[in-house]
Amino acid sequence: MKHIEIHGHAGAFAENKDIARNLRLNEIVPALEKNEEVVLDFAGVDATTQSFVHALISDLLRQYGGDVLDRIEFKACNETVRKIIAIVVDYMQEGAE
Amino acid sequence: MKIHLPNSAFLGNIDPFIRGFDPASPDSLEITANDKWISVHPAVLSMIAALGLTVKPEKIRCQKFEAASRHYFVRMGLFKLLGIPSDIVIKEHEPAGRFIPLTQIRTATEQTRFIIDMIPLLHLEPEQAKTLGYIFSELIRNVIEHADADNGALLCAQYYKKSNSIRIGIADTGCGIKRTITRSHSADTDLDAIRLALMPGITGTTSQEGGTEQNAGAGLFFIKSIASVNRDFFVIYSGAGFYKLLKKSPARSRRLKADPFADRHTTSSAMPAWPGTVVGVDITLDQTEEFSLLLDAIRDTYSSAVRERRKGLHKKPRFS
Numbered sequence: 001m002k003h004i005e006i007h008g009h010a011g012a013f014a015e016n017k018d019i020a021r022n023l024r025l026n027e028i029v030p031a032l033e034k035n036e037e038v039v040l041d042f043a044g045v046d047a048t049t050q051s052f053v054h055a056l057i058s059d060l061l062r063q064y065g066g067d068v069l070d071r072i073e074f075k076a077c078n079e080t081v082r083k084i085i086a087i088v089v090d091y092m093q094e095g096a097e
Numbered sequence: 001m002k003i004h005l006p007n008s009a010f011l012g013n014i015d016p017f018i019r020g021f022d023p024a025s026p027d028s029l030e031i032t033a034n035d036k037w038i039s040v041h042p043a044v045l046s047m048i049a050a051l052g053l054t055v056k057p058e059k060i061r062c063q064k065f066e067a068a069s070r071h072y073f074v075r076m077g078l079f080k081l082l083g084i085p086s087d088i089v090i091k092e093h094e095p096a097g098r099f100i101p102l103t104q105i106r107t108a109t110e111q112t113r114f115i116i117d118m119i120p121l122l123h124l125e126p127e128q129a130k131t132l133g134y135i136f137s138e139l140i141r142n143v144i145e146h147a148d149a150d151n152g153a154l155l156c157a158q159y160y161k162k163s164n165s166i167r168i169g170i171a172d173t174g175c176g177i178k179r180t181i182t183r184s185h186s187a188d189t190d191l192d193a194i195r196l197a198l199m200p201g202i203t204g205t206t207s208q209e210g211g212t213e214q215n216a217g218a219g220l221f222f223i224k225s226i227a228s229v230n231r232d233f234f235v236i237y238s239g240a241g242f243y244k245l246l247k248k249s250p251a252r253s254r255r256l257k258a259d260p261f262a263d264r265h266t267t268s269s270a271m272p273a274w275p276g277t278v279v280g281v282d283i284t285l286d287q288t289e290e291f292s293l294l295l296d297a298i299r300d301t302y303s304s305a306v307r308e309r310r311k312g313l314h315k316k317p318r319f320s
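Protein chains in written order, with this note's numbering: chain P, 1 to 97; chain E, 1 to 320.
In isolation and in its complexed conformation, chain P is listed as follows:
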């Protein structure tokens, strides 16, 4: 299992899309390719932007389909972070149907 602490990379306000993209390409995708499960740990993240979450996960949904969500756990998300992740997951799946 691959455990990624978002706060350690992006801070309490996770908004830097370059960091999100690097996490996706260098950490998440290689783990998924090895059939590992991925934990995206948002502990300590007070807020994020839709852009950050989009850069982090949208291409995973496009590449692997909605089933990839069975292999990704979003851990310790506060209400705001949870809702932004839900928005991105929603529109990526709406657009893919």
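Because the hints were derived from the structure by calculation, they are not lab data.
Mixed in with the good hints there might be a few duds.
[To be verified] SDA-like cross-link-like pairs, simulated, lysine to any residue; straight-line CA separation at most 25 angstroms: (1) E:K161 with E:S8; (2) P:K83 with E:S8; (3) P:K75 with E:L293; (4) P:K34 with P:G8; (5) P:K83 with E:E127; (6) P:K83 with E:Q287; (7) P:K83 with E:Q128.
Mind docking chain E on chain P? Use the hints.
Structure of chain E alone, referenced to chain P:
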């Protein structure tokens, strides 16, 4: 170019100020001002700063400011940023709690630094700081990624005690919204491009639904939605196109609209051509909805907009 600072120019009455902008002779800038009193929105300051950086300091002719409120422009860092001399003497105040001076941001690293260092200066409640951080982050990122602007984003913000509101302005002198949007969508005018840019899921980086791996086409829709839910002004001006989201009365529904033209608004497609993009937002803190409630409304609107657009692409049965 010529620009005149009037007695008053806030988002509600910014139209005459913009109409007075003369974009001719882009190698020089002449700044004139009302000589009694000048009170302007941060978007106006950001515009002047952005314009000023496109010409050499010696090509800026700035009328001597006589207005009693002239110190404000020194405090906001206008003359310093443009490298033009000013004889206005002020006693510098600690800016905390009142304003974010004119700031130039060109990279994502500078953006992150700005969010960390500057938002706390406004001394906001955590929920309000979240909203402000969100707005700044998405607007700055738009400039860095899409505007192709040598001077990056010019921005500033001001807290107004009387109305308990924060007013934000950000301007760039990049390629403008039409050029960005028409890379992937069709838009005949600057205003058509602004309309598309404000719709959820429309980005200049691709015509495919859901955007690219890096862009969803949601940033401006989110910002307009924040202003709409909070019943505040939102202005966007690019090329000759101008869109203003008007304040909603408390009686009107806070339901979000995917099409910005379905909101209460005014537009113009014949403004003097702004060489880039300007955004102004007001956030009245008394009526700021909790950020998470806003996200519920955005989620509903966004998904149904994408669904409707996909439905529009479905093949239809042929009846005879």
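A quick look at each hint next to the structure:
no. : hint              : in the structure
1   : E:K161 with E:S8  : 17 angstroms, holds
2   : P:K83 with E:S8   : 39 angstroms, violated
3   : P:K75 with E:L293 : 21 angstroms, holds
4   : P:K34 with P:G8   : 23 angstroms, holds
5   : P:K83 with E:E127 : 15 angstroms, holds
6   : P:K83 with E:Q287 : 21 angstroms, holds
7   : P:K83 with E:Q128 : 17 angstroms, holds
Going through the hint list in order, the structure does not satisfy hint 2, though it satisfies all others.
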